[in-house]
Amino acid sequence: MASAVENGEPTSLIGKYDMTQVDLGPFDEEAWACTVDATCEDAGMTAYASTPVITVVTTTFGEDHPERAASLSKLTFANARMSEVLAWQKDNSATAEAAAVHFLTACPDVWPAWLDDAVRGNLAGLID
Numbered sequence: 027m028a029s030a031v032e033n034g035e036p037t038s039l040i041g042k043y044d045m046t047q048v049d050l051g052p053f054d055e056e057a058w059a060c061t062v063d064a065t066c067e068d069a070g071m072t073a074y075a076s077t078p079v080i081t082v083v084t085t086t087f088g089e090d091h092p093e094r095a096a097s098l099s100k101l102t103f104a105n106a107r108m109s110e111v112l113a114w115q116k117d118n119s120a121t122a123e124a125a126a127v128h129f130l131t132a133c134p135d136v137w138p139a140w141l142d143d144a145v146r147g148n149l150a151g152l153i154d
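Count along the sequence shown starting at 1, add 26, and that's the number in the numbering used here.
Since the hints were derived computationally from the structure, they do not count as laboratory data.
Even for Gly, the Cβ is constructed at its ideal location relative to N, Cα and C.
Where hints are given, some of them may not hold.
Unchecked claim - Quick list of simulated restraints, FRET-style, between CB atoms:
1) Glu32 with Ala75: 18 to 28 Å
2) Val136 with Cys60: 31 to 41 Å
3) Thr46 with Leu152: 35 to 45 Å
Unchecked claim - Capping the alpha-carbon separation at 30 Å, the derived lysine-lysine pairs in DSS-like fashion look like this:
4) Lys100 with Lys42
5) Lys100 with Lys116
6) Lys42 with Lys116
Using the sequences and the accompanying hints, generate a full structural model.
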């Protein structure tokens, strides 16, 4: 976990273990700014800042594959789902590609909304 944090990477622990969220009250931007500043001595209690999962593509990819880029722009799912997939990947020593296939097969309620009918049908046929 430490190396993932040091490298700015996500960790799989939240998806692997049944965690209990501690109520720290609502997010307070001023308290958060102090919390992450090592020189600030008056940190207050605050929930963590929201950390969205972001999908990006290169300009070249977007220009060369506009339909695929449009599909990727619709991609959205909860951080908890990402944590579950990361935990599965770690537990199975799986590649990113294998984790993606696992996500597609384990979460058919999530990804179809991202795709048009033709792509959705083709992909569903491949993973059935």
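Each hint, compared with the structure:
no.	hint	verdict
1	Glu32 with Ala75: 18 to 28 Å	19 Å, holds
2	Val136 with Cys60: 31 to 41 Å	37 Å, holds
3	Thr46 with Leu152: 35 to 45 Å	38 Å, holds
4	Lys100 with Lys42	27 Å, holds
5	Lys100 with Lys116	26 Å, holds
6	Lys42 with Lys116	9 Å, holds
Of the hints listed earlier, there is not a single one the structure fails to meet.
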